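2 protein chains.
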Amino acid sequence: MPARAAKAEAKSEAKSAVSGKRKPKTEAQDIDASAHVGLDGLALHVGYAVRRFQLWIFQDFIKTLATVDITPTQYSVLTVISANPGLTQMAVAKRLGIERARLVHLLNALEQRTLVKRAASKVDRRSHALHLTASGEASLRQFKLLAAEHERHVIEKIGKDNRERLLEILAPFR
Amino acid sequence: MPARAAKAEAKSEAKSAVSGKRKPKTEAQDIDASAHVGLDGLALHVGYAVRRFQLWIFQDFIKTLATVDITPTQYSVLTVISANPGLTQMAVAKRLGIERARLVHLLNALEQRTLVKRAASKVDRRSHALHLTASGEASLRQFKLLAAEHERHVIEKIGKDNRERLLEILAPFR
Chain A
1 MPARAAKAEA KSEAKSAVSG KRKPKTEAQD IDASAHVGLD GLALHVGYAV RRFQLWIFQD
61 FIKTLATVDI TPTQYSVLTV ISANPGLTQM AVAKRLGIER ARLVHLLNAL EQRTLVKRAA
121 SKVDRRSHAL HLTASGEASL RQFKLLAAEH ERHVIEKIGK DNRERLLEIL APFR
Chain B
1 MPARAAKAEA KSEAKSAVSG KRKPKTEAQD IDASAHVGLD GLALHVGYAV RRFQLWIFQD
61 FIKTLATVDI TPTQYSVLTV ISANPGLTQM AVAKRLGIER ARLVHLLNAL EQRTLVKRAA
121 SKVDRRSHAL HLTASGEASL RQFKLLAAEH ERHVIEKIGK DNRERLLEIL APFR
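Protein chains in written order, with the numbering used here: chain A, 1 to 174; chain B, 1 to 174.
Simulated from the structure, these hints should not be mistaken for laboratory data.
Given the structure is predicted, the values throughout are model-derived calculations rather than measurements.
Check the hints yourself; a few may be wrong.
Identical chains blur together in the list; that is why a pair holds if it fits in one copy or across any two.
When the alpha-carbon atoms are kept at most 20 Å apart in a straight line, the in silico SDA-like pairs for lysine to any residue are as follows [what the hints assert, rightly or not]:
1) K157 x L167
2) K160 x A171
3) K117 x I169
4) K94 x T67
5) K160 x R141
6) K144 x R165
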């Protein structure tokens, strides 16, 4: 059941991504210090390195936008709606690779915070046309300043040139 | 509540990563075709590109190892235990950035499949020393062949040079 496995996997990633809990150190931990634990073939898997990097980015974004309580996915959705007013839910879900049911849930939360409003779509009666509210647009401007701050953390961490290279290499996946 | 937000975020990512559901196309969808939906500032965020890439890698790994029903995290854990026999659960969790409770759950499943065995740790009585069983070692050899196949898919997708560059840039996160 690869789909179920992947779902469980992703959930667990999410948890590890943000727990950041540190139990008090024991002697045993010191003996098993991470530096001595070889990765073997894992070190040659791009997926492993990418996952660790993505978790770091994830945590930094959430930390940097903690005062406004905005997650990376919420930020993506707000940015895309602002750039394409009147877009349907279906189109947002498809463009960003978000599961439709999950997007509905996410939009409910953004609507409750009066950042987003739904209107009946002229193109498809079963869908909604999405717009930011005036307050949503103003908030997004603030979120963008914080997201730029997060991006500066990325530059500090990996360097300007490496960041450019990453954007080039990963361009086909956007 | 940044931690809660991050957890929810990660869960949703997981779902989108593997749903891959395609609803039948409607005219409305065609009008809103993804190519026309601008990403605006998102395109400049490394995190967005990395997330999309990671979801692709994730899906490919799970698909390529579907016959053996092994997820990326399970594969990481097996590889690290095999390379460091007798490691404690704590050390594995720490090295791979997996939440401890999640690792316990994951090890239970691997133990049930008789791939992993736990023994009382000589170093820390509250922990377990982890080893692969003989069958676990044999299975891991098979998993590694499939993981190498997955890695070839990565090369096909992004090119050999870009893969090398990624491994270099992301080395500090391993």
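Hint check results:
{"no.": "1", "hint": "K157 x L167", "in the structure": "both (15 Å within a copy, 15 Å between copies)"}
{"no.": "2", "hint": "K160 x A171", "in the structure": "both (17 Å within a copy, 16 Å between copies)"}
{"no.": "3", "hint": "K117 x I169", "in the structure": "neither (36 Å within a copy, 41 Å between copies)"}
{"no.": "4", "hint": "K94 x T67", "in the structure": "neither (29 Å within a copy, 29 Å between copies)"}
{"no.": "5", "hint": "K160 x R141", "in the structure": "neither (24 Å within a copy, 39 Å between copies)"}
{"no.": "6", "hint": "K144 x R165", "in the structure": "neither (22 Å within a copy, 29 Å between copies)"}
When each numbered hint is compared with the structure, violations occur for hints 3, 4, 5 and 6.
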